[in-house]
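As given, the protein sequences belong to chains R and S, one line each in that order.
Using this note's numbering, read the first sequence as starting at 61 and increasing by one per residue.
Using this note's numbering, read the second sequence as starting at 61 and increasing by one per residue.
Since the hints were derived computationally from the structure, they do not count as laboratory data.
Fair warning: there could be bad hints in the mix.
Any copy will do: because identical chains look the same in the list, a pair fits if it lies in one copy or spans two.
[To be verified] The list that follows gives simulated cross-link-like pairs (lysine to aspartate or glutamate, EDC-like), each with its CA atoms no further than 16 Å apart:
1) K451 / E79
2) K152 / E244
3) K152 / E163
4) K152 / E175
5) K152 / E458
6) K312 / E548
7) K376 / D472
8) K436 / D375
9) K449 / D408
Chain by chain, the residues run as shown.
2 protein chains.
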Amino acid sequence: MSTPARTAVTPTREENYAEWYQQVIRAADLAENSAVRGCMVIKPWGYALWENMQRVLDDMFKATGHQNAYFPLFIPLSFLQKEAAHVEGFAKECAVVTHHRLEMNADGLLVPAGELEEPLIVRPTSETIIGDAFSRWVQSYRDLPLLINQWANVVRWEMRTRMFLRTTEFLWQEGHTAHATRQEAVEETMRMLEVYATFAEEWMAVPVIKGEKTAGERFPGAEQTYCIEAMMQDRKALQAGTSHFLGQNFAKASAIQFLDQQGAHQHAWTTSWGVSTRLIGGLLMTHSDDDGLVLPPKLASTHVVIIPIYRTDADKARVIEYCRNVAAELRAQRFADRAVQVVVDERDERGGDKVWHWVKKGVPVRLEIGPRDMDKDSVFVARRDRAPKDKQGVPRAEFVAGIAQLLQGIQDGLLTRARQFREQHTRTIDTKEDFYAYFTAPSVPENTPTPIHAGFALTHFSGEVELEERIKNDLGVTVRCIPLDKSEPGTCPFTGNPSQQRVVWAKAY
Amino acid sequence: MSTPARTAVTPTREENYAEWYQQVIRAADLAENSAVRGCMVIKPWGYALWENMQRVLDDMFKATGHQNAYFPLFIPLSFLQKEAAHVEGFAKECAVVTHHRLEMNADGLLVPAGELEEPLIVRPTSETIIGDAFSRWVQSYRDLPLLINQWANVVRWEMRTRMFLRTTEFLWQEGHTAHATRQEAVEETMRMLEVYATFAEEWMAVPVIKGEKTAGERFPGAEQTYCIEAMMQDRKALQAGTSHFLGQNFAKASAIQFLDQQGAHQHAWTTSWGVSTRLIGGLLMTHSDDDGLVLPPKLASTHVVIIPIYRTDADKARVIEYCRNVAAELRAQRFADRAVQVVVDERDERGGDKVWHWVKKGVPVRLEIGPRDMDKDSVFVARRDRAPKDKQGVPRAEFVAGIAQLLQGIQDGLLTRARQFREQHTRTIDTKEDFYAYFTAPSVPENTPTPIHAGFALTHFSGEVELEERIKNDLGVTVRCIPLDKSEPGTCPFTGNPSQQRVVWAKAY
Numbered sequence: 061m062s063t064p065a066r067t068a069v070t071p072t073r074e075e076n077y078a079e080w081y082q083q084v085i086r087a088a089d090l091a092e093n094s095a096v097r098g099c100m101v102i103k104p105w106g107y108a109l110w111e112n113m114q115r116v117l118d119d120m121f122k123a124t125g126h127q128n129a130y131f132p133l134f135i136p137l138s139f140l141q142k143e144a145a146h147v148e149g150f151a152k153e154c155a156v157v158t159h160h161r162l163e164m165n166a167d168g169l170l171v172p173a174g175e176l177e178e179p180l181i182v183r184p185t186s187e188t189i190i191g192d193a194f195s196r197w198v199q200s201y202r203d204l205p206l207l208i209n210q211w212a213n214v215v216r217w218e219m220r221t222r223m224f225l226r227t228t229e230f231l232w233q234e235g236h237t238a239h240a241t242r243q244e245a246v247e248e249t250m251r252m253l254e255v256y257a258t259f260a261e262e263w264m265a266v267p268v269i270k271g272e273k274t275a276g277e278r279f280p281g282a283e284q285t286y287c288i289e290a291m292m293q294d295r296k297a298l299q300a301g302t303s304h305f306l307g308q309n310f311a312k313a314s315a316i317q318f319l320d321q322q323g324a325h326q327h328a329w330t331t332s333w334g335v336s337t338r339l340i341g342g343l344l345m346t347h348s349d350d351d352g353l354v355l356p357p358k359l360a361s362t363h364v365v366i367i368p369i370y371r372t373d374a375d376k377a378r379v380i381e382y383c384r385n386v387a388a389e390l391r392a393q394r395f396a397d398r399a400v401q402v403v404v405d406e407r408d409e410r411g412g413d414k415v416w417h418w419v420k421k422g423v424p425v426r427l428e429i430g431p432r433d434m435d436k437d438s439v440f441v442a443r444r445d446r447a448p449k450d451k452q453g454v455p456r457a458e459f460v461a462g463i464a465q466l467l468q469g470i471q472d473g474l475l476t477r478a479r480q481f482r483e484q485h486t487r488t489i490d491t492k493e494d495f496y497a498y499f500t501a502p503s504v505p506e507n508t509p510t511p512i513h514a515g516f517a518l519t520h521f522s523g524e525v526e527l528e529e530r531i532k533n534d535l536g537v538t539v540r541c542i543p544l545d546k547s548e549p550g551t552c553p554f555t556g557n558p559s560q561q562r563v564v565w566a567k568a569y
Numbered sequence: 061m062s063t064p065a066r067t068a069v070t071p072t073r074e075e076n077y078a079e080w081y082q083q084v085i086r087a088a089d090l091a092e093n094s095a096v097r098g099c100m101v102i103k104p105w106g107y108a109l110w111e112n113m114q115r116v117l118d119d120m121f122k123a124t125g126h127q128n129a130y131f132p133l134f135i136p137l138s139f140l141q142k143e144a145a146h147v148e149g150f151a152k153e154c155a156v157v158t159h160h161r162l163e164m165n166a167d168g169l170l171v172p173a174g175e176l177e178e179p180l181i182v183r184p185t186s187e188t189i190i191g192d193a194f195s196r197w198v199q200s201y202r203d204l205p206l207l208i209n210q211w212a213n214v215v216r217w218e219m220r221t222r223m224f225l226r227t228t229e230f231l232w233q234e235g236h237t238a239h240a241t242r243q244e245a246v247e248e249t250m251r252m253l254e255v256y257a258t259f260a261e262e263w264m265a266v267p268v269i270k271g272e273k274t275a276g277e278r279f280p281g282a283e284q285t286y287c288i289e290a291m292m293q294d295r296k297a298l299q300a301g302t303s304h305f306l307g308q309n310f311a312k313a314s315a316i317q318f319l320d321q322q323g324a325h326q327h328a329w330t331t332s333w334g335v336s337t338r339l340i341g342g343l344l345m346t347h348s349d350d351d352g353l354v355l356p357p358k359l360a361s362t363h364v365v366i367i368p369i370y371r372t373d374a375d376k377a378r379v380i381e382y383c384r385n386v387a388a389e390l391r392a393q394r395f396a397d398r399a400v401q402v403v404v405d406e407r408d409e410r411g412g413d414k415v416w417h418w419v420k421k422g423v424p425v426r427l428e429i430g431p432r433d434m435d436k437d438s439v440f441v442a443r444r445d446r447a448p449k450d451k452q453g454v455p456r457a458e459f460v461a462g463i464a465q466l467l468q469g470i471q472d473g474l475l476t477r478a479r480q481f482r483e484q485h486t487r488t489i490d491t492k493e494d495f496y497a498y499f500t501a502p503s504v505p506e507n508t509p510t511p512i513h514a515g516f517a518l519t520h521f522s523g524e525v526e527l528e529e530r531i532k533n534d535l536g537v538t539v540r541c542i543p544l545d546k547s548e549p550g551t552c553p554f555t556g557n558p559s560q561q562r563v564v565w566a567k568a569y
C-alpha cells in the first residue's frame with residue numbers, strides 16, 4: 061500500500077468534488093458565507109480577482125462602443141409585470157421591499173413600518189427599469205444604437221446556493237442596447253457573445269463552446285439566448301455568460317419607440333448580456349488542483365511571490381534585501397499590459413508555512429531565495445501549474461528577463477490543458493443506447509466516492525421540448541447549447557426525425 | 061437698459077440657485093430622476109465622472125494599505141439593533157425586505173409572498189454586517205490592523221431628495237478598519253480625512269475645511285466624526301466626506317475581539333469613512349456657471365473637444381482629417397497620469413450647436429478648426445473657465461506641446477477661484493448681534509429672487525447642545541465643523557463662557 065501524497069486541500073477532487081470546491085475557496089481565502097442566507101462575503105483575495113476581471117471586460121466593452129451608466133436598485137412591481145414571460149421567470153425568486161422604516165412596537169420590538177403603496181423589487185436583472193429610461197432616451201433614429209453597460213449587484217432568491225456559482229446576491233455587469241433594426245440587434249448579440257468567449261479563453265484560460273440555448277433554457281422574455289459553456293473538472297457544464305436577442309418584446313413592454321428616417325414610429329430592437337462573479341467559480345473549477353487555487357497569470361493580482369529563506373538574523377537582513385531587489389527588477393517588467401505584480405513575503409512565519417500559503421492562493425510563480433542562492437546570484441523557481449516540489453535553480457538575470465515569457469507560458473499551458481481535458485471527455489454519440497450508457501456508466505476512475513459525470517455528448521437532436529424534458533428526468537442531462545457554425549444535417553437518435561446539427565448535452569451547474 | 065447676456069442655462073444662479081442646479085444636471089446630461097421615488101439614473105456623462113473619482117480614490121486607498129472586499133447588501137434586523145445609537149439613527153429611513161417571492165392572488169394581482177422570518181434591511185451603511193465578518197477575521201493582534209474598503213450602493217429613505225446631494229439610493233465607498241489600540245484607530249481616522257481633503261483640493265479643485273463635528277452632527281454610534289466642508293456658490297456648506305472614530309462601540313456590539321501580545325482578550329478599536337456620489341453635486345456647485353457644467357481637468361473624461369468648422373463637402377473632408385491628426389497628436393501627450401482624452405465631434409450638426417453642447421458638458425478645452433485655421437496650421441482655443449466667446453488663435457504645434465500646462469493652469473485656476481470665493485464670503489464674528497445680522501442681512505446682490513446665504517461665520521463657541529439647537533431654530537444655521545489646528549482660546553459671543561477655538565457656522569446641504 062502506498063502512502064497517499066500529501067495535498068493542501070482535503071478532500072481531494074476525486075474524493076468529494078463539491079466539498080473540494082468549498083475547501084479551495086477557504087484555502088485560498090476567496091470568500092465566505094455570511095449571516096444572511098445565501099449571501100457571501102467576497103474577501104480581498106477573491107475581490108482582487110473580480111477587479112481584474114472587471115478591468116479587462118470594461119476595456120473590452122468600451123472598445124466596442126459601450127458606455128457605463130447606473131440605474132436604480134429597486135424596480136416597481138408594475139414594471140416587472142410589463143413583460144409577461146419576464147415576470148413569470150422571476151416572480152418566484154424576488155426580494156420584495158414593502159416598508160420604508162422601522163418602529164418600536166408595544167412589546168418594545170423593532171418592526172417594519174411605513175408600508176409602501178407599491179412594493180419594490182430588488183432588481184434580479186434590469187431590463188424593465190432600464191427600458192423605462194430608454195423609452196425617454198430614444199426618440200429618433202439618430203439616438204440609436206444606444207449602447208449601455210451597468211456594473212451592479214442583483215438579487216435572486218435562490219433556494220440552494222453555492223458560493224460564486226449561485227448566490228442570493230451577486231455582482232455582475234449587464235449590457236443593455238437598443239437598435240433601429242433586427243439585423244443590428246442580432247449583430248450586437250453575437251458581438252458580445254464573441255467578447256465573452258475571447259475573455260474566457262484569452263484571459264481566464266477557460267475554453268468555451270459558443271452556442272444558442274434551447275427554448276426551455278432561454279432568458280425569460282428573450283427571442284434567442286446565446287451562451288458560452290465551459291467544462292469543469294467534474295465534467296459538468298458551467299454556463300459562463302449569456303447574450304440575449306430580445307427582439308421587440310421589451311421595447312413594446314417599455315414603449316421604446318423612435319421616428320425612423322421616413323418619419324414613421326418604430327419599436328426599437330433590444331439586447332442584453334451579462335457575466336457575473338460566477339466566473340470566479342468557473343475559473344476555480346477549471347484550473348485548481350488538490351493543493352488549492354491555480355490562477356491564470358493574466359488575471360492574477362500577484363504574479364510572483366518571493367519567499368526569503370533564512371535561519372539567522374544576519375542572513376535574514378541580507379536575504380530580505382536581495383529579495384527586495386529582485387522584486388524591484390521584476391516590477392520593472394511588464395506582462396499583459398501591467399507591471400509584473402510581486403509580493404515579498406517578509407512575515408515572521410516558517411518558510412514551509414509561507415510556501416503552502418501561496419500555493420493555496422494560486423500565485424503563478426514562487427521564488428524561494430536563501431543565502432546560498434544569493435551567493436550564486438540565482439533564484440529557486442516553482443510554477444504553480446507544476447507539482448509544489450518541482451523547483452529549479454535559475455540565474456537571477458535570466459529569470460528576470462524571462463518573466464513575461466514564463467507567465468505567458470503558464471497562461472497558454474492552462475488553456476491547453478483545459479482544452480485537452482474537455483476533448484478527452486467529449487464524445488460524439490449516434491444511438492440512444494450509447495447515449496444512455498455514456499451518462500449512466502460507472503464513474504471514472506472507478507469506485508470513487510463522488511459520482512463523476514461522463515462529460516459532454518454531441519448528438520443530433522430534432523428539438524422537441526418534451527424529449528429534452530424526458531432526457532432531463534431520466535439522466536439529469538440537458539442540452540447545454542446548440543453550437544454555432546456546426547451545421548451538419550443528420551438524424552436524431554432519440555426520435556429518428558431529421559436534425560440540422562449536433563447539440564451539446566451535459567449535466568450542468 | 062442693457063440686453064441680458066444669453067446664457068445656456070435658465071434660470072441663472074442669481075435668479076434661482078436650486079433650479080439652476082437641476083438645469084445644469086440636465087444641460088450636461090449627468091443624471092435624471094427615475095420612476096422610483098428618490099432614486100436617480102446616473103447617465104453616461106455623470107457616471108464617467110464617478111468612474112474617474114473612483115479610480116483616483118481607489119489608488120489612494122490602496123497606497124495607504126487598504127484592500128477592497130464586498131459584503132452583503134442585506135442586514136438582518138437583529139444586527140442593526142446591536143448598537144443602540146446606530147439603530148436609533150437609521151431606523152427612520154430603512155428600506156425593509158419582508159418577502160422573497162411574488163404570487164398571484166385570487167383577484168389576479170401579483171402580491172408579495174413568502175414572508176421572511178426576520179426582515180432584512182437594505183444597507184444604509186455597513187458597520188454591523190462588516191463588524192460580523194471582522195469578528196471572525198480578527199482573532200489575534202497579528203490580524204491587526206485590518207484595513208478594508210467597499211465600493212457599494214446604499215439606501216436611506218430620505219423624505220426630500222435632490223439629485224446627487226440626497227438620494228434614496230446612492231453609490232459610495234465605505235472604509236472599515238480595526239486596530240489594536242485607540243491611538244492607531246485615531247491615526248487612521250485622521251489619515252483618511254487627509255486623503256479626502258487631498259482628493260477634494262488636488263483633484264476636484266474644491267477647497268475644504270477639515271474639522272470635527274459637534275455631538276449633534278455625529279455619525280450614529282461614533283465617538284468622533286471628522287469631516288471636510290466645502291462652500292458652494294450659494295454660500296451654503298456641503299459636507300463632502302466623513303471619517304469616524306468609532307472607539308470600541310461597534311467592536312463591543314459585534315464582538316470584534318483579539319488576543320493581545322500578553323495573551324489577554326481585548327476589543328478592537330474601529331473606524332469607518334466614506335464619500336459618495338454627493339461629491340458630484342459638490343463639484344458641480346463649486347465650479348459650474350450659467351452656461352452649464354465646468355469640469356476640473358484632472359477628473360474630466362474628455363479634456364479637449366475638437367469641432368471641425370466647414371461649409372462645403374470638400375472642406376469637410378480635409379478639415380476633419382486635419383482635426384483627427386491634431387487629436388492623435390494630443391492623445392500622445394499626458395496629463396495627470398493619463399493620456400490626454402480627446403473627442404472630435406464629427407456629428408452632422410450645426411457648428412454653433414456643437415459648441416454649446418460641449419460648453420454645457422463642461423469640457424475644459426474646446427478647439428474650433430476651419431479651413432483658414434488649417435491653412436495657417438493653427439487652432440482656435442477656448443477655455444471653459446473663461447467666457448464662451450473668448451477664443452484665441454494658437455499655432456498647432458505650440459498648442460499641442462503646451463496642452464498639459466494649459467490643463468494644469470485651468471485646474472489651478474479653478475481651485476484659486478473657489479478659494480477666493482470662500483474667503484470673500486467668510487467672516488470672523490465676535491458678537492451675537494453681528495452674527496444674527498450676518499445671517500439675516502439682505503441677500504447680496506440685493507433683491508435677487510433666490511435668498512442667498514451670507515456665507516461662513518467663524519465665532520467662538522462654548523459648545524452647549526441647546527445653544528446650537530436655538531441658533532439652528534432662529535437662523536437655520538449650524539456648526540459645520542470645529543476646524544483642526546485652530547486652537548485660539550476666547551469667549552463665546554452667545555454665552556460669555558470660555559471657548560477653546562472658533563467654529564464654522566453656515567447653512568448646509
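Evaluation of the provided hints:
no., hint, verdict
1, K451 / E79, "neither (30 Å within a copy, 69 Å between copies)"
2, K152 / E244, "neither (33 Å within a copy, 48 Å between copies)"
3, K152 / E163, "between (29 Å within a copy, 8 Å between copies)"
4, K152 / E175, "between (22 Å within a copy, 13 Å between copies)"
5, K152 / E458, "neither (59 Å within a copy, 64 Å between copies)"
6, K312 / E548, "neither (36 Å within a copy, 67 Å between copies)"
7, K376 / D472, "neither (36 Å within a copy, 48 Å between copies)"
8, K436 / D375, "within (15 Å within a copy, 68 Å between copies)"
9, K449 / D408, "neither (22 Å within a copy, 65 Å between copies)"
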